[in-house]
Amino acid sequence: MSVLVYIENWEGAFKKSTKELITYARHLASKLGVELNAVSIGNVENSAIEALGVYGLGKVYSVNNGNVAQFKAGAYTQALSAVADASGASIVVLGNTYNGKAMGPRLAAKMDASIVTGAISLPDTDNGFVVKKTVFSNKGYGYVNLTNEKKVITLNINSYQIEEAAGNVSIEDFSASVDGSKVNITEVAKQTGKIPLTEAELVVSAGRGLKGPENWGMIEELADLIGAATACSKPVSDVGWRPHSEHVGQTGITVSPNLYIAVGISGAIQHLAGVSSSKTICVINKDPEAPFFQAADYGIVGDAFEVVPKLVAAVKNLS
Amino acid sequence: MKVLVCISKTPDTTTKIAFTADHSAVNYDGVKFIINPYDEHALAKGMELKENHGAELTVIHVGPADGDQIIRKCFAIGADKGIRVNTDAIDGLQVDKEIVAATSGEQFDAIITGRESIDYNGGMVGEMIGELLGIPSVSYCQQLDIDGNTASMKRFIDGGEESLTAQLPVVVSAVKELGEPRIPNMRGIMQARTKPITVVEPATGAANTTIGKYDAPAQKSGCKYIDACNAEQLIEILHNEKKLF
Ligand SMILES: Cc1cc2nc3c(=O)[nH]c(=O)nc-3n(C[C@H](O)[C@H](O)[C@H](O)COP(=O)(O)OP(=O)(O)OC[C@H]3O[C@@H](n4cnc5c(N)ncnc54)[C@H](O)[C@@H]3O)c2cc1C
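Just so you know, the sequences run in chain order A and B. Just so you know, we're using numbering that gives the first Met the number 0 here: the first sequence kicks off at 0 and counts up by one. Just so you know, we're using numbering that gives the first Met the number 0 here: the second sequence kicks off at 0 and counts up by one.
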């Protein structure tokens with residue numbers, strides 16, 4: 000029995016969420032008193048993998064051939080499952096990223112495993128193997144008992160503290176036979192120079208209170224200055240003031256950044272469902288009765304068009 | 000062309016979720032149920048394939064008899080056939096095994112699910128069907144066009160989007176961009192009453208997970224108000240005290 004962690008790469012590089020995941024997997028393995036192995040799939044330089052040693056990584060299986068040059072959910076699941084078998088893993092952990100979401104459940108079906116997606120804690124092993132996750136779109140927590148011997152866990156981004164540890168990476172090239180021939184990737188379009196909302200630690204969000212798309216300049220400026228991603232409420236993306244990719248809430252993206260600043264958003268229950276697990280919430284709204292204040296840590300009752308420029312100026316004054 | 004849309008029943012989005020006194024279960028007293036919002040987008044895409052390609056549109060729901068109401072709603076929107084697997088499934092994999100068993104005699108060209116249900120936020124039903132059937136799955140799918148034997152799709156990836164094609168059959172999980180939810184019309188509502196729902200008994204065993212305990216989220220300790228005249232104080236707190244940037 001051992002734990003296998005899937006270290007996802009983005010064009011050959013690893014992200015903060017990978018380091019959170021490795022820390023989680025290492026703590027999990029040591030809690031269970033079992034070995035930890037890792038697997039990398041795709042085109043990654045060995046030096047990039049070796050650099051993860053400082054998070055306590057040891058043995059890493061590297062699946063790196065033509066068949067896995069591009070992410071395809073089915074093919075990557077085959078590779079992951081082959082490494083799980085070869086390394087004797089009974090628990091596989093992945094990040095709850097777009098690709099992690101695409102392959103974790105496939106892997107669980109393939110292994111007939113118990114799965115929890117969007118985990119936010121290590122398991123409690125006193126009574127089974129119980130992992131905490133948010134349910135009902137942040138309106139509650141559920142404690143999921145993974146009752147099968149085989150288990151798959153996808154860990155939420157920004158929910159586990161990175162910790163360094165002595166590690167000595169040894170890489171083993173692993174060739175897995177996979178079939179991705181039914182799928183063809185035709186184009187990949189990435190936003191450049193922007194922090195993806197799903198990974199952002201700081202988010203500045205605005206709603207219908209801003210009156211129109213022409214008023215977003217100050218929101219973008221504030222976000223740029225503090226290194227935040229921008230987000231919006233549903234009606235704002237519905238009418239096309241902002242792109243759909245910025246829509247947060249129950250039917251949009253769920254975020255749990257360290258800071259969420261909401262400007263001119265009323266705080267409807269569906270909006271809160273997607274953002275209420277943010278660690279610090281600041282609300283700027285001209286209506287003192289706006290429900291969002293009840294979910295806020297800091298509130299400013301005032302006109303966004305007066306308050307936000309003051310915030311921008313204050314950030315510029317920081318030295 | 001045959002299209003299958005998987006439908007889940009969830010509490011209305013305005014529901015305040017409460018748990019039983021011992022925290023062992025959700026208290027569903029007085030809760031109004033709806034079609035899972037993401038499944039409405041999936042159904043809308045199914046309707047589009049029906050209208051543009053003459054697809055036969057089947058919906059499937061795994062759950063006890065009170066789920067018939069949401070299948071009827073799908074009929075009213077325009078679904079042709081409805082299947083209900085008569086069991087209170089506990090986890091996503093159990094749901095999927097039932098869906099695959101109940102439809103084993105049929106070949107669907109496209110299977111569409113919502114990206115997740117808004118109750119347990121599992122986000123696994125489409126992907127697992129893909130694995131169980133050995134077909135491509137595309138998660139967080141925002142665009143799906145079918146031409147002959149090929150599906151062209153667009154999906155969200157970290158920091159962008161990806162366009163891809165796949166040989167049919169495929170399974171995709173819908174985000175809201177996939178299709179604008181439909182509203183039933185009078186004719187649909189009339190027809191919905193008479194369309195039969197095929198009820199299938201469960202074929203598979205127990206679930207691989209259970210949830211024995213729930214908690215409400217921690218309450219915020221109260222909002223600290225900053226006067227709008229001194230708005231810059233907020234930046235000082237976030238920077239100096241909280242060290243957030
Ligand atoms: C099935 C369903 C799913 C939904 N999912 C989502 C979801 O995922 N995400 C989401 O966001 N919503 C969702 N909604 C919509 C939600 O119910 C609200 O309608 C929406 O969140 C309101 O957006 P808003 O706060 O931007 O606008 P409004 O409710 O119009 O609020 C605007 C706010 O701006 C304030 N304001 C106005 N002018 C100023 C000013 N000059 N300065 C400061 N403040 C000002 C007002 O006081 C008000 O509080 C959903 C609804 C349904 C039915």
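Please note: incorrect hints may appear among the correct ones.
Stated by the list, open to error - Okay, derived cross-link-like pairs now, DSS-like style, lysine-lysine, Cα gap no bigger than 27 Å in a straight line:
1) A:LYS15 / B:LYS1
2) A:LYS181 / B:LYS1
3) B:LYS242 / B:LYS80
4) B:LYS242 / A:LYS278
5) A:LYS30 / A:LYS149
Keep in mind the hints are simulated off the structure, nothing from the lab. Computed from a predicted model, the values in this text were never measured in an experiment.
Consistency of the hints with the structure:
no.: 1; hint: A:LYS15 / B:LYS1; result: 43 Å, violated
no.: 2; hint: A:LYS181 / B:LYS1; result: 19 Å, holds
no.: 3; hint: B:LYS242 / B:LYS80; result: 57 Å, violated
no.: 4; hint: B:LYS242 / A:LYS278; result: 13 Å, holds
no.: 5; hint: A:LYS30 / A:LYS149; result: 17 Å, holds
When held up to the earlier numbered hints, the structure conflicts with 1, 3 and fits the remainder.
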